[in-house]
Structure formats: structure tokens, C-alpha cells
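Two independent chains are provided; combine them into the complex using the hints.
Those sequence lines, one after another, are chains A and B.
In terms of the working numbering, the first sequence is numbered consecutively and its last residue is 283.
In terms of the working numbering, the second sequence is numbered consecutively and its last residue is 820.
Every clue listed holds true.
As a list, the in silico EDC-like pairs of lysine to aspartate or glutamate whose alpha-carbon atoms are at most 20 Å apart: (1) B:K679 - A:E31; (2) B:K675 - A:E36; (3) B:K366 - B:D757; (4) B:K505 - A:D52; (5) B:K505 - A:E230; (6) B:K675 - A:E31; (7) B:K505 - B:D541; (8) B:K530 - A:D52; (9) B:K674 - A:E36; (10) B:K530 - A:E240; (11) B:K530 - A:E230.
To be clear, the hints were calculated from the coordinates, so they are not data collected in a lab.
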Amino acid sequence: MKNVRIAAIAVLVVAMGAALGANYIAPASYEQQFRESPSASPSAQHLLGTDDLGRDRFARLLHGARVSLVLAPLAAAISTVLAAFFGGMAGYFGGWMERWALTVVDLFLSIPWLFLLISVRAVLPLNISPQASVVVTFLLLGFLGWAASARIICAGTRDMMKSEFVALARATGFSGVKLVRLHVLPNLRGTLLAQFWISVPVFIITEANLSALGLGVSEPLPSLGSLLRELQNVVTLRPEPWIFVPLAVLIVVVSCFQILLNRLSMERSSSERTSIERPGAPA
Amino acid sequence: MRRLLFPCMAVLLLCSAIAAQMGGELRFCIPSEPNTFNPLLPQEVSSGTIIYLTGGVLLRVNRITQMAEPELATSWQVLDGGKRIHFQLREGLKFSDGTPFSAEDVAYTMQKLMDPELHSPTGDAFRSGEGKVTTRILSPLAVDIVFPAMVANLAKLFDTVPMLSSRSPQKDMAALGPFYVAEHKAGLYILLKRNPYYWKKDSSGKQLPYLDAVRLEIELNKEIEALRFSRGEVQMITSLQPDIFEKLASQNAAQVQDAGVSSYTEFLWFNLAPTSPIAAYKRVWFTSTGFRRAVSEAINRADMARIVFHGHAQPAVGAVSPANKFWFNAKLKPHPYDPDSALRRLRQDGFRLENGALRDQSGNEVEFSIMTVANNHARESMAAMIQQDLKKIGIKVNVVSLDFHAVIERIGETFNYEACLLGLLYSDLDPNGVMNVWLSSESDHQWNPRQKSPATGWETEIDRLMRAQASSGDERLRKQYWDRVQEIAWEQEPFIYLVDKNALVAISPKVKNAHPSALHPQTFWNAEHLKLEPSDH
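Okay, chain B solo, but in the shape it has when bound (with noise of 0.2 Å):
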């Protein structure tokens, strides 16, 4: 008897370990409370973070290699020159509440998605031309989506269309991802627990998720967010300043990553806009490519990623970071550190060195202010070193910090400033995703928006080369007319690229299967095959 009872506690002991394994509640931050619960309309980072562990896609774009995987979706093809795509669905799935999902909600999805009363960013991506979108149900395992024109990545697209049920009684709250919501408590957290109809398994056949839940805490504070994390009150935290990941890093290597450069890029551009109410000879320095080359040359990036990023930031080589695997133009370095150079550039564009000042051809002191937002610490710092760095070639600079709002007014209203400087995430990998920054008539190609026709002869270029690439179904072409167009913008500089940050990590060591990405979103793009050691059930 005796004999046989080690055996039987053994295997009892490790039945429990294995069943502790695949429960448990992760915890970890957002930063504010969700502007939304649908779907569609993600537009910021907490709804975002929801949707994302929520929304069932038809195609998943991996986080590391960048390809798309299937996901509700077991195979897709784009057909008639990127018009149309036919998918061809997984069969048996149900939403969170046991509603069976089927070619219907992928219609019922498409219809909501295209509708301009949602005003869906999400949507918008997908309007290439005048004209409706139309869904055919070829069964209800299959369906093709028509579009009105070509769209560029189509596929790809499908990557943030969470998939909606047009039976449920629960409507849009019904989830095909691994989690569901369960639980909001406004201003504390969000609480997702695991959706019992999810579909994926893992390779010995379990259920996914791993996880019962995932509890996401309203932080807005960084700081107080890393003290709780050193407390072991949350377990993840997605994006770390440089900062506090070298103090966690010194209280425990093996909890914070560098994923490595990420997409996120820090830039300065100067106001280019014919009707912005700044002094003439000033508009002449700007819209001069010699004086924005000698700028760029004059700033000492290297310096910038190792001082204000400790090291976890590379100096940027252009409007595409090489996180960007495919797109980016690998011919192109980031321009070099030469304050000679700088002053030479200048000398040509017939610039002066007096005493120490800087001068233009009618005398006038080369002085101009940068303007950024309050309170970020980081480009503050960066606004210092480039005061510090121009000075050396006689430009003063006033660097002027603003809250949010009155940078935005300036840049996008009134373009009462002279320089600015901003970060900017590029979420969307493609080409077409920045259709909005590169279009010379686009509201948000900053140094000289809505432009009725291009002020320059290399922003006719640009629109072309962006036009091209848009209507273009050739992968290979289309990489070379964007290869081109970075290019463009390495050479007249628009937009002085200045730093591309690093993707940094915190992730406790009793989470298991994390491999953190330099992509958005870094720690839980694979939360369903996140598990935790059995002592933080």
C-alpha cells in the first residue's frame, strides 16, 4: 500500500502543478480610463490594449516576424489587383457568449467598419476610392469583401478589424479573442476573463488561454506604475522609460528587456507654411535645404540616444526605423555628427560666422525657438542638447515648452511657431498607413500642411512616388517607389529625423512564454500563450 502511495501523490502533485500553470490573473497597467469598448473605433492605447485581447481578427500580424498568420481565418486571397479578398473561415467557432460565428458576422462587421457615421480610424484605412464595399456570402464558411478601388496591404489590414457578432444579445461586448470583459470598475481596472469558446490550442492540444484572467489597472503615473511592479503587484509593463528600466534593471537584469529599436521616432521639423505669421527672412533660412542639412548635421544624435535614452535609442536614419524589417531603406545612414560640415553647408548658403553669431546675408541674427510639449522630460532634455549643440555654430535657440493642446493649435491651426519638436509612434508598418504625413495636401504633413499643389519640386515628387505605391499591387515595385521617397526625405530633410527610441520592457520572471517585440503591443501580443508560475495565481 505504502509502496503505492508516493507514485499516487507524485502524479496528484504534478496534476496540480500543471492545472496551477494554466490559471492564474496577470496584471498589469493603462494608462487611463478607455475612451471605448467598440471595436472598431481604438483611439488610444487602453482601448486599444482591451481590443487587442479581446478582438477575434481573421489574420494575426506576428509581432516578430511580421508576416500575417491565420487566426478566424484558415487561409485568404487577394484577388482583382487588391479589389477584393476572399477568406475562407475556421469552422465551428463561437463568441464568448456561445454564439456561433459565421460568414454573416464577418458581413455584419464589414458593414459596421465602413459606415462614415462611426467615423472608424480603423475603417478609414480601408477607403481607396469613391464608392461602397461590398460583403458576398459564398457560404457560411466563406466570404469575399469588394472594395471600389485597389488597397494597398489589404491583407495586412485585416490585423485590426476585431471581428463582431450580428446575433449576439451582447452585441459588440461578444469577444472571439482569448479574453472577454468581465468586469470594469471606472478609475481602477478592467478585468478580462478567459473566453471559454476561445479556438486556439496549443501543440499538445490544451485549450488556450493559459491565463483565467487579465487585470488591467488604471496607472497614469509611470513612476508609481514601476514601484508597483518592483512590488510584484503587476507583472508587466509594456513601455519603459529609459530611466526607471535602468532601475529596475539594477534591482533585477532579468526583469526588464531592450526589444530593440521600435518604431517609435523622435523628430524636429521647421514651419515651412507660406501663410504662418513668422518673420520673412526667417521663412527664407527654413525653406532653404542647405540650412536644414547643416542643422541636422550640427546635432549630435549619438550623444542624444546615450545621454537622454541611456543607450536605448539609436540616432534615426529617416521616416522609416529599421524595427520596420521590410520597408526600411537599408541604404540609407543616419546622417553624421559634423559641426565643420554644418558651417561649411552654411558658409554656401551665404551664412556667417561673427563673434560667435551666426548671421544671414542682411545681417540678421540666426536665432529660432523650438517648441515642444511640457512635461516630457525626455524631449525636453533633446530640446536642451540641440540648444546646446547649434550654439557651437552660432544659431540661438529658445527652446519653449507648451501643454499639449497649444502645440497642437500651433501646428495644426495657426502655425504660429518656428520649430517643433514631437515623437511619433508608426503603428502601421505600411506605406499607405503615412499616406497622411507624405501627401502634400494632407492636413497632417506638418511642415506645410493642405498645400493646394506642391510648393517644391520634390514634394511633386514625393505625392507621385506615395500615389504610385498606393495604386500599385506589386509588393517589389512598391518598395522601391518608398525606398525612393526615403530618399527624398534624407536628402531635403522635412522632417530632421533625430532618434529612434528602443521598445523596452519590464516582464517578471514568473511570467512564462513573453517574447517581448519591438512592435506595438511589445509584452502581450501572444497573450494567450502567457502563463504564470503557480505562486502569483
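Isolated chain A (complex conformation) (with noise of 0.2 Å):
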């Protein structure tokens, strides 16, 4: 089990090294169109060949992966931060103002995201470049995307509050601050990592859908939703396997994040079984 996890790291430092070095290693502009060499096979100078308008795809996946591959971690940790604060203050001080932030967390739940997100992606201004256009399309998806996580960081938090060593550290005299400092966050860290590490693909995969709908991040830039709009006309199957390659590196990088995140769940589940075996100890 090490090993895989040691390889999904691995996997993923690639991913990342490859994404950020994309203007290095890119053989041409992800924009540059060859327009002499539509459609293209795979050749030396083309190395997954070229899409329809002539663009290079292995520039087009490197620089595609790093749209998604960095700003898809930010998009979690703006959820993760939103979720820690709703629900961390509605598990906190509980009554009506945990009645009150679920309620606002169950109007999230229950709105359809991807029409919401069409609608505020159709109010924006329409003049904003490619790279703007894309960052606001994360950030929106971070905005919109915390509920889930809130309600989760909420049952936590109110579990613990209930705790003894909570109970404990009141009666000695701890400030909210520095009981929210020293006990409830260090113990909720777990959660709180877990939800990011969740948010990370689900954001990948939202991403690729609003790019499915054409509504995602706007052209020439790519990202790996992007350029798995390729694949919809894939049911007169196109004989050529290499368009597949943004599909297979958006499995494997999410593939990895989830070895990542088990091995995360497993670690956390053996602390609490340890805390429930130490009763009063901060876990």
C-alpha cells in the first residue's frame, strides 16, 4: 500500500513538475494553429498529433493540466476555508445559529450548481482574457462549492463540543479563541484536509464539464475539460486513440488523489480510534 501511495505521489509530482514546466517542454505555443496540418497523426513534430484546427495537442494537454492541476487546489482551499467557517460556527456555538447556517447550506445544496454557475458565468463582463476568465471560473466553482463540506465540518465540530476534553478546557478557563486555536482546529485538521483533498478532483471534473458545455474556460486556453470536449463526437468513433490522452491523465490524477485521500481517511480513523481509547486526550 506504501508503494502505491509512494507512486501516486510520484504521479502527481510528475503531473505537476510537467504542468508547470509546460512553456519549457511544450514543443509549440498551445494557441500556435497549423493550419497546413489539421487533425494530424502523431508525428516528431506533433508528439499526440494535432486537433482540429491545427493545434498542437501535447502543448494544448501540458499547459491544459496546469490550468486544472493549479487551479483546482486553489478552488478547494476557498470551499474548504468557506466550509471550515459556516460549518466550524454553526457545530461551535450550535441553537439557532447552527439551525440558521444549515439552512443556508441546504439552499446551496439544493440549487442546481451547474445552471447557477451558467447564470453567474452569463453576467460577468463578456471582455476579460482567456487566463481572467479562467481563474474566475475556479474561484466561482470555490465560492459555490462548500456546502457539502460545511455540513460534514459542522457535525464534527458539534461532536466535539460535546467532547470531554472540551468540556475539560471550558472549565479551566479557555477563551472561545483559544479553544477554537488549540483544540477544535487542530482536531477538525483531519476533516478539514479531507474535504480539500475531495474538493481537488471534484473541481477537475466540474471544471470539465462546464468546459463539456462550452462554458468553462474560454478558447485558445485550454484545460483538461477543455480538451475532452474532443471526445463527444467519440460515438462515430474517431480511430485515433491518442485524443483519449487528456481522459486517461484526468484518471490517473484523480485516481491519485484518491489513493492519497483513503490513506488520509485511514490515518485519521486510527487517531479517533486512538482518542476513544485515551478518553480526555485531545486527539
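In C-alpha cells:
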């Protein structure tokens, strides 16, 4: 299992390194159209061939991976912070505050997010650069995607507030801020990390969905999602296997995140078990 | 006895083969559930298809020759300078339920069609002036229809008016066309069966249609439609995307046809509306003819046709496609791709190129957004090519894909956009069908709609010419006016026409008598003559 985890980390490091070094590794600009060779097969000049407009697929894959692998964690961080704030406040204070916060959470969960994203995207200014549009897309994902995590964090905080060590801390005169800083946040660390790692692949796939609808990253900037749009006409079975490479990269990256996530969950479970076996001790 | 057996069997086999050719069920896809079965209210492709196959019309425009041919009417005459039309009807016609057809039904249809409560787009084409449309029944087989004012291209407008029955218990569902609606399974299919009372016969005197039935399968996904065609589950595709066309052609070249340039045009326009919330300096660029012409010359239309449409498109000339044989202005040629000329024009307008970026006289960097509808791969590709082309003359373009409703809201209500890339199918060949686009007072005058008075001299001239052609009964004169409008549009380029798409169709080799047309409906315009090979029955 440890080997698998190391392999997952290695794959993510390589993927991240290739994505960040796209400018140096890519044989051509992601937007350059080789109009004399559209839809070309792989060759020495174009390792993964060219797309319908003659753009180098390998260059677009590297730049697309950079967009998704850098911005998805950013969006995940935003959503985790928001979830921690709303969920933590609800669980910490309980009572009307919890009811109010959970109502907001339910409201967010009940909204059809895809339509909400489409609507929000539609009211944004049109004249923004592709780079800005992709940042805005991921920020939107971050600001709209926190509700499910907030519910889990609320439940975790609520349970913690009922625990003996919190009662002991309060009895010894810990103030609210000190209690949160020294007991609540450290004990929620596992949950928060788990929510963060869960969100990363979710946002990569969400952006892929948006891009598949043509509403994510705008031309000519690629993302893993926008590259997957080529597979939309796979029903007529384009025989070119290399067009599946972005899908393979997405599956591998998401799987690696999942492997790390499972490991985190296992560590968290074992630490919770330890804290149950040692009542009163901070976990 | 044995000597007689062989000839008898041969005759029997021949008869069964002929009988088999008469029948069969043709299957093809429609993209959605039909919005309506009302023959006077076709609103989208699906209902239009059903109405075309079931509706009987007084005359039909032949999709190949583009000439009107007799159908339910044996002859017609446009009188009083286009204010009156006289129809002589065919004798002995019956609706699909056996109800006889007569002049009374024509009067009933016109009354229904012109009812303002119906809001029929077909009826709108006949509204030429204030006052009522009246129908005079001269005999059971002769009828006059009188309009309050001259209606240009009057006769051909009846191509889109299916006759209703005033007496049939089935009301609107009684059909005079080759088929009638027999079954409708919501979300799955519509089954049309042969009209047993259809009047038309082939050259050998056999009653048409040859087919027993047409099954219209509801299928939105074009890829799945193509897959079903490959499997033989459907036998025709009316409108193919170029990449799917190529794919099917690689499987069997005989099953696809490029019917030539169609009247479907892709174009780009800048927002010139004075009330739009765009920066004043950008409005100055967009309202400059030199700027629009420069952008037009910097776009490589030939590359666009070759790459995005796989060669199944032509660089567009202007408002009328060459598919429209009579009204196309053959003197006009597509704007050439010439970035150097574009830069010269821009310099004349005070623009300058600095470090690869174009700047106006005030030093503003030239940058604008092109809005288009999301999930339309061809348009997004065209936008990406324009982006690359304009980069060569220092213009920065941002491509924005929005969902269809957001695009319509911006171009029709808020005017909050800079440039827009869309396509339009000109289903009506006559210039009267595009009055709503070219008159400056109209809401579909997209670059600057609903003007109280024309904003520019050339728009004033277009208004005058469009009104003049609409009020003239002389085809030659109308052609001159409409040619001039095309020339002005070519010079001013309020719409930057990009490419005219070809009509791409797929027809199984088992379907006989198919003669695809560049005009809608490309594959089944002669549905009554279509036959299926026996194995497909």
C-alpha cells in the first residue's frame, strides 16, 4: 500500500512538474494553429498530433493540465475555508446559529449548481482575457462548492464540542478563540484536509463538465476539461486513440488524489480510535 | 405443365418485387418533440418536418428548380398588381379521412391563417397592409383571395400554407399531403402513414406515395443519429455536420452527398446600438466602415471553410447565398483575405501598430470580445480562427461562449456585447422574407435594432430600396433593388459574412429516387416519390 501511495505522489509530482514547466517542455504554443496540418496524427513534430484547428495536442495537454492542477487546488482551498467557517461556526455555537447556517447550507445544496454556474458566468463581463476567465471560473467553483463540506465540518465540530476534553478546557477557563485555536482546529485538521483533497478532483471534473458545455475556459486557453470536448463525437468512433490521452491523464490524476485521500481517511480513523481508547486526550 | 410453371413463377416474383417496392417504412430522425401539430404554426424543425410531409399545399416550390409547380391548384394567377390571387383547384381531391376538398376549405384556411389570435409566422408573411384578407368562393373549384395591399412574391408564399378541412371531424389532423399522422409516442417517435386518398400519381399511373409509412425518431444527439444511420436503423440524415459527413464518407462514399452550397450563412457583426453599455471609444471603432472592412479583410475565410467545415463550405459573399439562384447578386465576390490591405485601411482610420498591438488615435489598445453560443463546435472554432487572424494585425480578441438564452438576451434586450458570431438559415428565398433584418426600424436589424430613424445614410438607402422592392410587382425591378441592397451591405459590412455552409446529407443506398437539394428539406422534399429496396421493408 505504501508503494502505491509513493507511486501516486510521484505521478502527481511529475504531472505537476510537467504542467508548471509547460512553457519549456511544450514544442509549440498552445494557441498556434498549424493550418496546413489540422487533425494530424502523432509525429516527431507533434507528439500527440494536432486538433481540428491544427494546434499541437501535446502542448495543449501540458498547458491544460497546468490550468486544472493549479487552479483546482486553489478553488478547493477557498471552498474548504468557507466550509470551515460556516460549518465550524454552526457546530461551535449550536442552537439558532446552527439552524440558520444549516438552512443556508441546505439552500446551497438544493440549488442546481450547474445552472447557477451557467447563470453567474452569463452575467460576468464579456471582455476578459482567457486567463482571467479561467481564474473566475475556478473562483466561482470555490465560492459555490463549500456547502457539502460545511455540513460534515459542522457535525464534526458539534461532536467535538460535546467531548470531555473541550468541557475540561472550558472548565479551566479557555476563551473561545483559544479553544478554537488549540483544540477545535487541530482536531478538525484531518476532516479539513480530507474535504480539501476531495474537492480537488471534484473541481477538476466540474470544470471539465462546464468546459464540455463550452462554458468553462474560453478559447484559446486549454484545460483538461476543454480538451475532453474532443471526445464528444466519440460515438462516431474516431479511430485515433491519442485523443483519449487527456481523459487518461484526468483519470490518473484523480485516482492519485483518491489514493492519497484514502490514506488520509485511514490515518484519521486510526487517530480517532486512539482518542476513543484514551478518553479526555486531545486527538 | 412444367413449361408453364417457369413463366408463371417469374411473373409472380416480378409482381411481388413491384409490390414490395411500393411499400416499406422510411425512418429518419427529428431533433426534438414537435412543438405543435397545427399546420399553420410551424415553429421549429420537427413540426416543420411533419407539416411538410402531411400538409397539402396549393402550389409547391420545386427544391431543385426553385420554380412554383401546381399541387392542389391546377393553375393560379396573380392579379391587381399583387393584391389578388386566383386559384383553380384540382377536381375530386379528398383529405386523409375521406372528406372532400373544395374552395370552402381554402377560405377556411385563409381565415384561420390570418386570425391575429393565432400568431402564425406563416400568416405574418401575408400581412402587407391594414385591413382584412377576404376570400371569394367563385365555384367549388375556383377561389379568389384578396389582400388589402400588394404582397410581393404572393404565389410562392402559398408553398408554406397547408390546407385545412372546414368539415372534417379530424379538424387540423386531416391531411391532404402524402402522409398523415397515425401515431405519436411522446419522446420516442411519430409515425406517419400513407394517405390513402392522396391525389398524386406517378408517370405510370400508380398512386403515390410509394412508401407505406415514415417513422420520425426523436433524437437530439447528432452523433447517435449518425451511429444509428451506420447501423441501418435510420435511412436518412437531413443535415450533417462536416466531421460526421467525412466519417460516414470514409465508411461508404455512396451513402453521403454534398448537395452544394446552401442558404445557411455564418456571420459576425459589431454592436452599433447607441444605447449599448460599451465604451464610447469602442463604439467609434465599430461604427467606422474602414474598421469593419479591415476586420473583414483580415479574416481568412478560405481557411475557415477548409478547416472548420472540411471543405464543405464556401467563403460567403453577402446577404444572399449563391444557393438562391434568382436573387443572388452574381456581380459580388467574397472579400479577399488581405491583412496588408486591412492594415492600410486601419492606418487611414488613424490606427497604428505598436509592438504588435494595434492602437487607436487616443492610444487605446484595440481589443474586443466575440460572443457566440456555447457547445457549437463549428462556431467556437471559427471564433478561434478569427482570434488568430486578427492577432496578425494587432487586434486582441476574447472569445466568449454563452448559453443560447444569454446570447439572445444580450443581442435583443440589453445590447451588452461587442461583437457576435451566429448563423442564419434563410429559408425564404424572397427578399420580403428578410425585411425584418434589413429595415432599420425592425427588431432583427441586429447591429442596431429598432431605430426611430435610420442612423446612417446607407441604412436610409437600404430602407428605401427594401420598401421599393416590397411594393413592386415587377420581378426585374425588385431584383435591381435587392441587388443594390446586397451591394451596399457588401460595401458597408454591417454583417461580416464568413462562410455559406454546404448542404450535407446522408441517404442509404436502399432509398431510391432521392435527389438531395441544397434547400430545406434537403432529403425528403420529394417524399411521395421515395422508395425503399425490399430488404428494408
